[in-house]
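Enquirer: The primary structure of each chain is shown beneath.
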Amino acid sequence: MAEMITAAAAQVRVNGDEREVPAGLTVAGLLEHLGLHPRMVVVERNGEILRRDTLDGLRVEPGDAYELVHFVGGG
Amino acid sequence: MATLIADPITDSPIAGAAQADDAPLVIGGRALRSRLMVGTGKYRSNEQMVRAIEASGAEVVTVAVRRVDLDRTKEEGVLFHLDPRQYLLLPNTAGCYTAGDAVRYARLARAAGFTDWVKLEVIGDQETLLPDADATLRAAKELVADGFTVLAYTNDDLITALRLEDAGCAAVMPLASPIGSGLGLVNPYNIRTIKSRLSVPVIVDAGVGTASDAAVTMEQGVDGILMNTALAEARDPVRMARAMALATEAGRLAYLAGRMPRRERAVPSSPLAGMLD
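Read top to bottom, the protein sequences are chains A and B.
Quick note on this note's numbering: the first sequence kicks off at 1 and runs consecutively.
Quick note on this note's numbering: the second sequence kicks off at 1 and runs consecutively.
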C-alpha cells in the first residue's frame with residue numbers, strides 16, 4: 001500500500017512542511033492542487049523565485065522545497 | 001489644479017488631496033495626491049480596513065509578505081480587498097532582522113508584479129523594534145542596485161538618513177517614535193534636521209498616535225507621514241482616518257503658512273489707543 005502511494009506521489013516541502021503531492025505535477029498544478037490562485041501567490045522553489053509565466057512549464061521534482069507567499073495586512 | 005477626493009461618508013472633498021498652492025509629493029518619479037500613507041495591518045475586519053483606507057485619502061498603502069497558510073486557503077491575501085490599480089502597493093520587509101532576509105522579502109514582493117517599490121525595514125531589537133541602521137544601509141544598496149525604488153525606514157538620525165540618501169533611496173522614513181507606540185513625535189529637532197539636509201522626500205513613519213501628532217509632525221516640514229496602528233487601533237478607525245487626513249493637510253498648510261513667533265510675554269491683539277476714559 002505504501003508502495004502505491006510512493007508510485008503516485010512526490011514528497012516535497014511546502015512552507016516548511018513535508019507533503020505528498022501527486023507525481024508529475026507542474027508548479028501551476030501544485031498551486032491548483034493546494035487550492036491556491038496562481039495570480040495571488042509568489043513561488044520560491046529551492047531558494048529561487050519563479051516567474052509567474054513559467055509556472056505552467058516547470059515540473060515539481062521530489063525533494064523540492066517551496067515557499068508560497070502572498071501579501072497580508074501590514075504597516 | 002487640485003484634484004479633490006470625495007469623502008465616502010459626506011461626499012464632500014476631503015483633505016489629503018493635493019492643494020493648488022503646494023507642489024505634489026513626488027517619490028521615485030511618481031506624483032502622489034496624498035501626503036498620508038497608511039498600512040493594512042491589525043484591522044478588526046477587511047471591510048473596516050477598506051473603509052478606513054478610503055477615508056484616509058491615501059494613495060500609497062503598505063502590505064506585508066508572508067507565507068500562505070495552506071490550512072486556510074479560502075482566506076485570500078489583502079489584495080483580494082484592495083485594487084492594485086487604485087492604490088500604489090508598498091510591500092514592506094517587516095519582521096526581517098537581517099539585510100539578507102529583507103532583500104529576499106523585497107524580491108518576493110516584486111515578483112508579484114505590482115510594483116518595484118519597497119518599504120525597507122530591518123529591525124535590530126525585538127523589544128523596541130528600533131531599526132538596524134547598518135543592516136538597513138547594506139540592504140538598501142543591494143536593492144537600489146537591483147532596480148528597486150527603496151523607501152527606507154530608519155531612526156531619526158541624520159547621519160543614517162544621509163547615508164540612505166547617498167545609497168540611492170527614493171525616500172527616507174525616519175520614525176516619530178517606536179512602531180506601534182503611539183507616542184507621537186518625540187524629537188522634532190531631529191526630524192527638522194533630517195528634512196533640512198536631505199534632497200529626497202522625508203516621510204515620517206511610525207509612532208503617530210492621534211490627529212494632533214500628525215499635525216505636529218507635518219508642521220516640521222516633512223513631506224508626508226505613514227501610519228497604521230493609529231488607525232487600526234482607534235475605537236473608530238474610519239473616523240480616525242478622516243481625522244488623520246485633515247490633520248496631515250492642516251499640518252502641511254500650517255508649515256507652508258509659517259507660524260507666528262513664540263514670545264515670552266503677551267502682546268495685545270487689539271489696539272491700545274481709543275480706549276474710553
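These are calculated hints, taken from the structure and not from any lab test.
By construction, the Cβ of each residue, glycine as well, lies at the ideal position given by its N, Cα and C atoms.
Be aware that a few hints might be false.
What the hints assert, rightly or not - So these bits of chain A aren't anywhere near chain B, every CB distance computed over 10 Å:
#, residue
1, Ala-8
2, Pro-22
3, Ala-23
4, Gly-24
5, Ala-28
6, Val-41
7, Asn-46
8, Asp-64
9, Ala-65
10, Gly-74
11, Gly-75
As the list claims (entries may be wrong) - Quick list of the computed label-pair ranges, beta carbon to beta carbon:
#, chain 1, residue 1, chain 2, residue 2, range
12, B, Gly-168, A, Thr-54, 27 to 37 Å
13, B, Tyr-189, A, Arg-59, 39 to 49 Å
14, A, Asn-46, B, Ala-31, 49 to 59 Å
15, A, Arg-19, B, Gly-95, 20 to 30 Å
Enquirer: Provide an ascending list of the numbers of those earlier hints which the structure does not satisfy.
Expert: Per hint list: 6, 10, 11, 13, 14 violated.
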